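Protein sequences, first through last, are from chains S and V. For the record, in the first sequence the residue sitting at position 387 is 387 according to this note's numbering, with numbers rising by one throughout. For the record, in the second sequence the residue sitting at position 151 is 151 according to this note's numbering, with numbers rising by one throughout.
It cannot be assumed that every hint is accurate.
[Claimed, not checked] Estimated spans, in silico, between C-beta atoms of each pair: (1) S:Q254 to V:M365: 22 to 32 Å; (2) V:D116 to S:S268: 56 to 66 Å; (3) V:V339 to S:D92: 45 to 55 Å; (4) S:A111 to V:V381: 28 to 38 Å; (5) V:E23 to S:D92: 52 to 62 Å; (6) S:V138 to V:P91: 22 to 32 Å; (7) S:Q274 to V:G101: 49 to 59 Å; (8) V:V381 to S:E305: 39 to 49 Å; (9) V:M365 to S:Y102: 21 to 31 Å; (10) V:P105 to S:G258: 36 to 46 Å; (11) S:P40 to V:G101: 53 to 63 Å; (12) S:P40 to V:P91: 20 to 30 Å; (13) V:E346 to S:A247: 18 to 28 Å.
[Said to hold, decoys possible] Derived DSSO-like pairs (lysine-lysine); straight-line CA-CA distance at most 30 Å: (14) S:K86 to V:K391; (15) S:K272 to S:K453; (16) V:K334 to S:K223; (17) S:K466 to S:K323; (18) S:K473 to S:K454; (19) S:K86 to V:K385; (20) S:K86 to V:K382; (21) V:K334 to S:K86; (22) S:K453 to S:K466; (23) V:K361 to S:K272; (24) V:K391 to S:K121; (25) V:K391 to S:K82; (26) S:K82 to V:K361; (27) S:K86 to V:K361; (28) S:K82 to S:K272; (29) S:K86 to S:K323; (30) S:K86 to S:K223; (31) S:K453 to S:K473.
[Claimed, not checked] Facing chain V, a subset of chain S residues (Cβ under 8 Å, in silico): (32) G50; (33) L51; (34) A61; (35) R85; (36) N87; (37) K95; (38) Y97; (39) V138; (40) L150.
Think of the hints as simulated: they come from the structure by calculation, not from any bench. All values reported here derive from a predicted model rather than from experimental measurement. Even glycine gets a Cβ: it sits at the ideal position worked out from N, Cα and C.
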Amino acid sequence: MESGGGDRFEMVIGLEVHAQLLTHSKMYCGCAARYADAAPNSHVCAVCAGLPGALPVMNRAAVEFCILTGLALGAEIPGFCKLDRKNYVYPDLPKGYQISQYDLPLCIGGALEFASEGAPKRAGITRVHIEEDTGRLVHRAGAPGDEVSLVDLNRSGVPLMEIVGEPDLRSPAEAADYLVALRQTLRYVGASTGNMEEGAFRCDANVSVRERGAPLGAKVEVKNMNSFRAVERALRFEEERQRAVLAEGGSIAQETRGWVEASGVTVSQRTKEQAHDYRYFPEPDLPPLTISAEMVAEIRDRLPELPGARRDRFASRYGLDAKEIETLTAEREVADVFEAVVGPDGTAEAARRAANWIVNDVMGLQRARGLPPEQLPINAAQLRDLLDAVAAGELSARAAKEVLPRIADGELPRAAAGRLNLLALDDEEVVRSAVTDALAASPSAVADFRAGKKAAMGRLIGETMKRTGGRAKPEQVRMLLEEALTES
Amino acid sequence: MAVGNGAVDLSAAEARRLLDAGELSAVELTEAHLARIEAIDGDLHAYLHVMAEVARRQALAADARIAAGHAAPMTGIPVALKDVLCTTDAPTTAASRILDGYRSPYDATVVARLRDQGAVFLGKANTDEFAMGSSTENSAFGVSRNPWDRDRVPGGSSGGPAAAVAAGTATIGLGSDTGGSIRQPAGFCGVVGLKPTYGRVSRFGLLAFASSLDQIGPFTRSVEDAAIALGAIAGHDRYDSTSAAIPVPDYRAAMTRDLRGTRIGVAEEYGIGGMEGMEPGVQLAIEAAVRRLAELGAEIVPVSLPHTRYALPTYYITAPAEASANLARYDGVKYGLAVEAPTLLETYERTRGQGFGAEVKRRIMLGTYALSSGYYDAYYVKAQKVRTLIKRDFDDAFARVDAIVAPTSPTTAFRIGARTDDPYQMYLSDVFTIPANMAGIPGIALPCGFADGLPVSLQILGRAFDEATVLRVADAYERSEPWAGMRPPLGREVG
Chain S
1 MESGGGDRFE MVIGLEVHAQ LLTHSKMYCG CAARYADAAP NSHVCAVCAG
51 LPGALPVMNR AAVEFCILTG LALGAEIPGF CKLDRKNYVY PDLPKGYQIS
101 QYDLPLCIGG ALEFASEGAP KRAGITRVHI EEDTGRLVHR AGAPGDEVSL
151 VDLNRSGVPL MEIVGEPDLR SPAEAADYLV ALRQTLRYVG ASTGNMEEGA
201 FRCDANVSVR ERGAPLGAKV EVKNMNSFRA VERALRFEEE RQRAVLAEGG
251 SIAQETRGWV EASGVTVSQR TKEQAHDYRY FPEPDLPPLT ISAEMVAEIR
301 DRLPELPGAR RDRFASRYGL DAKEIETLTA EREVADVFEA VVGPDGTAEA
351 ARRAANWIVN DVMGLQRARG LPPEQLPINA AQLRDLLDAV AAGELSARAA
401 KEVLPRIADG ELPRAAAGRL NLLALDDEEV VRSAVTDALA ASPSAVADFR
451 AGKKAAMGRL IGETMKRTGG RAKPEQVRML LEEALTES
Chain V
1 MAVGNGAVDL SAAEARRLLD AGELSAVELT EAHLARIEAI DGDLHAYLHV
51 MAEVARRQAL AADARIAAGH AAPMTGIPVA LKDVLCTTDA PTTAASRILD
101 GYRSPYDATV VARLRDQGAV FLGKANTDEF AMGSSTENSA FGVSRNPWDR
151 DRVPGGSSGG PAAAVAAGTA TIGLGSDTGG SIRQPAGFCG VVGLKPTYGR
201 VSRFGLLAFA SSLDQIGPFT RSVEDAAIAL GAIAGHDRYD STSAAIPVPD
251 YRAAMTRDLR GTRIGVAEEY GIGGMEGMEP GVQLAIEAAV RRLAELGAEI
301 VPVSLPHTRY ALPTYYITAP AEASANLARY DGVKYGLAVE APTLLETYER
351 TRGQGFGAEV KRRIMLGTYA LSSGYYDAYY VKAQKVRTLI KRDFDDAFAR
401 VDAIVAPTSP TTAFRIGART DDPYQMYLSD VFTIPANMAG IPGIALPCGF
451 ADGLPVSLQI LGRAFDEATV LRVADAYERS EPWAGMRPPL GREVG
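So that you can see chain V by itself, here it is in the shape it has in the complex (with noise of 0.2 Å):
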């Protein structure tokens, strides 16, 4: 374990001051990460697709613009995008044969922003395929390893992003979260994620996996920067009819260090009191930022979601549902690979069959499945009620208490290979993420202790566009405690 303190170890609300004050140019900022992706990135395969050109050409501009003193709060921060966000300057695959080499000619909206905002992008990050998947195992370019410990996964399915926030390889990170994939893999590589409330942030050009649970939100090393990012992020988008024309507030503003007076829930659901599967060193560290949270002046508040059971099954009935119809338009026919056969059906099955990863098609199958005549009152209609019950149990808490914590993941990090052979054990591993998509609310997953040596992970949730509260709670926390300081020994050994 080391505590890092170079360029590449900078928060972004550290970064924005040395590069206000002139004392680092984005240009020096750039080239810091580039040269340490260079040098660590063979093994760590956190990037997909590195952006350097595009990268070094926005930290001149970026510079320019923090010279003429027009910086934004993203200006000349480098940043990693996961592969399933449209860019028009980088090819965007989600991690699929399928897209191999595909050239979105729009950039997705929260892409725009940043760029409006003189981000510096340094390359699209790995990911499972289409975003299914808990490890990056899926990615069909190769896993992406967890920088605390090379032979254990990143999590997923935004294993590269988060592996690179982690690493040093990037400042902040953007990923999606469907079920988990932004604060199961944030936990595993012992970083900051946050999953906004559903509808915060546009949808629009992400690549759709579940497009009523997708949601997409930041990487970072503080809780502050996570703030910074949404900011940066956020609000409606005319382009995407389910974000929210509700404000976005001063997240930074918001987080006032003050607990005395918030009431935390804990969720009996969740685990804390002992659960199958539950690793014991990740039960203790939950326990002991529980301990923390009530220090700190907060009124800890038993609160029940007696649904939390049924999230992970009617997940696994509504997502491949979505799922099986957004990925029909990867035919051959307009873009991406197309392996053409005698007739249009044999170009479609060849296309599919070579192009789909085994996790993509078992889940296409599943989600066909729920839908097909016959099923579809018995899997996607009931499925559809159940969620409504796990909102209402959200609700409910909601009514009593400010905010709910629970573990991000029933256990640390595991080992490359290790879930591959059974698809429900590594469905699992979502078990505590799952019901905030659910129910749209916003979580996020920050670093709250060590077990064997690896990160354990708190899981905050709030009310549905309350994101402010959530990250009040974290700062608070995140400050209490010397966990956000922590860096992966990873390329630390040499040099």
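Excised from the complex, chain S in its bound form (with noise of 0.2 Å):
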């Protein structure tokens, strides 16, 4: 990927991330928070229209989802912190200025311990704060002079919360790395969908190219990023671009640009001398919120164990392989799942078999039927009776994996195995005469058994096997044929 001043540069990165928080209400208001499916302009209020003479509200739920996020990257609660106006006019921000915060923020540093191309990374966090979203604007195609923008402030006065990052990040790849990582941690703590193609999760990234060992470049802000991919490509896109500016001696204007996802390119949007200027300063509808050292604790008491710590105790507790952990920690929900079927006192060999089958069959039969990543077909309670029949030999492993659909469909494991006629055969009399049948029909492989070929019995078994519609045990199988060659 390299050109245009090969290993001469480095590029840095920091990522701002908005993330949409889990709330049930709007930041400010009582309306309703989701309006993914709603009618436009069906979740607005005087206060979230900025009517004349509505004020906000703090939304509680807002501020304690911020400070979990915060805890989570350890990040320092201070006692006191503010709102602020941040001034600017669109069609889209209704009161004219956003209600944000500016100096004082909820959460202040932390950092991000993730993992890129195998070896674990931290990125610093520099502050999270909270702010309310925009509503959005509909663009209507019209004969030319005839286009329209229509309103929609569903969103408007949604709560946010924006991860501001340090500028630690190296390369695309560690960026699209720390930003996976970032998401999963919002969902572990259950802040936020964490939902880039919903825009629930969104970000912009402050990008400098600069000779190894030299201060900073000028910063490039890159925005219109709508996926994972997006920001990677955009990224990539960025950096060849800056190298090869700089590799011409050329220098790095400070701008805004923006990611063209069709055409692959960023374009300039803003220049720095048309930079906003926001004109902040403290919000004066809104308290300043004091912080108690036992609201804090309190909310640390809520933290679930974290991604990192999780993939640790999984290695060490379970001893599974670093591909599997990653597959079964990527959703809490999976990992919990995982963890309820093993159970307290699994043995290693229980967990193997346990994460082998989430990883393989549960997880394959959620992609098929298109539940969303955390959701699994098929609950714990369910998935260990499925796996304690097939170590009672009440099943074979094939049976178990056809039953699996009609498990998540509701059916008990049993039940559903013996209406597909799928139970093992108790009925030795059934074999031994599946059996009879299968060396009458095998006469070469009985003569080749005879003559000393031990591999014959694999052939047999497997002509018996067929005969009971695989619901035969192998071992027993195994048994009644040597009997019977034996005998004759």
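Relying on the hints, combine the two individually framed chains into one complex.
Right, dumping it as structure tokens:
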């Protein structure tokens, strides 16, 4: 990927992530915060429409989610913070200002630990603060001069948290890995869905390229990246662009650039001179927030085991391999199912079996059914029942895989297997008769076996199994075959 | 000068007694007011919108409620609402073209509370545009006249409700006070005006001018009525995070008429003893009022509020800064005036260019400048520091006294047009009222005499959330003088 300058240059990236918080109501009013399938402007009141005279009231749950996230990232939670008005004019911003936080955010400092290209990394977090989302503009095409833009305020006032990262990332791949890990952390603590396609997780990047060891170069802010892939592509493009300029002896202008997905390029949106003056000042309609040590302690108690700690524990406790652990811990809910199936006293063998089943069969069915990543098609009790039936020899592994979808539809493992005639054959006479049939039908295999070719036993077992629809227990078949062959 | 005795001259307390005794109906009281509005408001122009039909409906309901024995203190009492208070059943314009015809889908909390009490809404009263001004001359819909002299301003910004209460076209008015906008017009019109402590009354549904300074309060013809009206609107509101969860006392019960042992501060910085721009007639009346308070048993204590002289410049940074953000929402996109143009930017420019008057634009520019990058620390931040010093002055003074008296304004009502060419002279009209807003403390203005036939007003300031003391001092003073009974001549020459 390197061109125009090779290893002389180094890329420096800092990411700013906006994540919608999973509160029931909006940040400053009682309107529902989930607007996904709502008709335009159906989740709107005087407050989030910015009507004259309306005043904001702080959503406590949003504050708590932000603190929870800060704690998950190891941030400091100051005892005092305030809200500020960020002034700019746009039709999707009904008050003409956004209530955000300027110099005294809810959370300060911290770091995100993640893995990139197999190596552990640590990227600093500058701050985490709360703010409100804007509405949305829907542009309607029309004859020239007749195009219209419609304003939908359902999203206006939805709680957001902005997570500002330090410029600690050094490549587009590292940036993408950071985002994945950050998103995973937000999902683990339950603060956000982290869904980028739905706009619940948005990323802007500050990018510069410098000669190794030199001070930071001019910062270019890249916006409009709507997927993880877009972030990585946009950053690769920007890296190449800046390297090329620098390699030719040019200099990079400080500016804001937008990623254009269709053409795969970034284009200049605003130069430094056109930068907004947001005229921040303290929001007089909301008293400053006092965050007590008790409140922080109470929220800290709600922190779940975070992804990194869980991965480490899965490795030491269960001895699973890194790839499996990665898959099992990607979603907190999946890891929870795994642990519930294994149980508190589960052996390493039981863990390996459960992991195998979840990673291959259960997640395969999940994908086939198009379920969201955190939602497995069966729960821990169902999977445990199924594995118990296999362990008890009541169900062959093959049969278990076959009944899995039925279990997902609510049937009990044994009932489903019985209905599908998949339960192991317990009737020795039936198996014995199948053995007799198989021997009669395979004279050459019988001859081979008698001639000392022990491998022929495999063919005879296969023949017998075929005649029982795979339901016979292979050990019993072997035993009966050996018996029959010795007798005659 | 006349002494009134008709239904339109009754105080709310007197009306309450007659209504509850069945000697007067709310319908009669309302009709008397509507008739007087019909007779004189064409000239007075206290109202922007008369809510005759609403008032008649409310009066009928009030009579039924009184008959059923469920009357609240404000049941059947006719009220004028400054047109910055949101009402669902009348336009809310802030006297601005940009909101011409705007109808709020919700009631301001104070409006809802009065509605719940069964008050009668006579109409929406005039104001300077977005409450920015001291004379109502900045109203986009025309100046109101002073009932004592129709060539003079009623003061502002709440000149409409002040003039209505003075002229007998409302028993009680509700206004808002950001730098004196209740007290100064109350003073000019010779009525009582109370600015409560910041946070005492919900601002929800008040069209914001400067959010950290705005406070809603009543205009009345007696201090007792101010206590009644405050009791009806005060108290915590979950829709206003800056409203205080502090219990509302029985203000009327607090008015003991006893000033013995009460320490009243007189601040040298408030021009008592002479200051430039202070009219001699005002000076004399205030000095007399201080003597009267001493005669009533109060202990007069000299106090110092050394940062008073910085209050006005500090205010004219803070208030416009907040206003510049508060008025950003009026963009022609969602409601109110929209002057369409080929581009979004031009739509904004034309809408706001045509929708806002000169004073509003001046303050938006002042505030935008004060918040701009590179100027923010020198202006806005500095102003907040000075504001803290002003507040500390009052804290220090109130450690030694229970209340502070001062003139409400350095002059009596000035002539219409006299100050419109000089914004700074206009701003000086609020020099004595602004410090209370900067400190967030309560203040009342009440009549204390006349100078050249025009009312002079005494201002009494108190500790935060101690409206009770302010009302007690004001009530005791009022009962010792004849001023509260004085009514302006307007409209009485005929009939």
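Evaluation of the provided hints:
1. S:Q254 to V:M365: 22 to 32 Å: For Q254 of chain S and M365 of chain V the Cβ distance comes to about 29 Å; the hint holds.
2. V:D116 to S:S268: 56 to 66 Å: holds (57 Å)
3. V:V339 to S:D92: 45 to 55 Å: violated (20 Å)
4. S:A111 to V:V381: 28 to 38 Å: holds (32 Å)
5. V:E23 to S:D92: 52 to 62 Å: Taking Cβ atoms as reference, E23 of chain V and D92 of chain S lie about 58 Å apart, which means the hint holds.
6. S:V138 to V:P91: 22 to 32 Å: holds (30 Å)
7. S:Q274 to V:G101: 49 to 59 Å: violated (37 Å)
8. V:V381 to S:E305: 39 to 49 Å: At 44 Å between Cβs, range holds.
9. V:M365 to S:Y102: 21 to 31 Å: holds (23 Å)
10. V:P105 to S:G258: 36 to 46 Å: holds (37 Å)
11. S:P40 to V:G101: 53 to 63 Å: violated (25 Å)
12. S:P40 to V:P91: 20 to 30 Å: This hint holds: roughly 27 Å between Cβ atoms.
13. V:E346 to S:A247: 18 to 28 Å: Between E346 of chain V and A247 of chain S, where Cβ atoms are some 44 Å apart, the hint is violated.
14. S:K86 to V:K391: holds (27 Å)
15. S:K272 to S:K453: Violated. K272 of chain S to K453 of chain S sits at ~83 Å, over the 30 Å cutoff.
16. V:K334 to S:K223: holds (28 Å)
17. S:K466 to S:K323: Between K466 of chain S and K323 of chain S the Cα gap is close to 36 Å, so the pair fails against 30 Å, i.e. violated.
18. S:K473 to S:K454: Answer holds: K473 of chain S to K454 of chain S is near 20 Å, not above 30 Å.
19. S:K86 to V:K385: Roughly 21 Å separates the two Cα atoms, so the pair holds.
20. S:K86 to V:K382: holds (20 Å)
21. V:K334 to S:K86: It holds: about 20 Å lies between the C-alpha atoms, which stays within 30 Å.
22. S:K453 to S:K466: holds (21 Å)
23. V:K361 to S:K272: holds (28 Å)
24. V:K391 to S:K121: violated (51 Å)
25. V:K391 to S:K82: It holds: about 21 Å lies between the C-alpha atoms, which stays within 30 Å.
26. S:K82 to V:K361: holds (29 Å)
27. S:K86 to V:K361: holds (20 Å)
28. S:K82 to S:K272: holds (28 Å)
29. S:K86 to S:K323: Answer violated: K86 of chain S to K323 of chain S is near 45 Å, above 30 Å.
30. S:K86 to S:K223: Answer holds: K86 of chain S to K223 of chain S is near 19 Å, not above 30 Å.
31. S:K453 to S:K473: Holds, at about 23 Å.
32. G50: Hint on G50 of chain S: holds, closest Cβ of chain V at ~5 Å, below 8 Å.
33. L51: At 7 Å from the nearest chain V Cβ, L51 of chain S passes the 8 Å test, so the hint holds.
34. A61: violated (16 Å)
35. R85: This interface hint holds because 5 Å falls under the 8 Å limit.
36. N87: holds (5 Å)
37. K95: At about 5 Å, which falls below the 8 Å cut-off, the nearest Cβ of chain V leaves the hint on K95 of chain S intact, so it holds.
38. Y97: Since chain V brings a Cβ to about 5 Å from Y97 of chain S, closer than 8 Å, the hint holds.
39. V138: For V138 of chain S, the interface hint is violated, since the closest Cβ of chain V sits about 14 Å away, which is over 8 Å.
40. L150: Violated. Min distance 11 Å.
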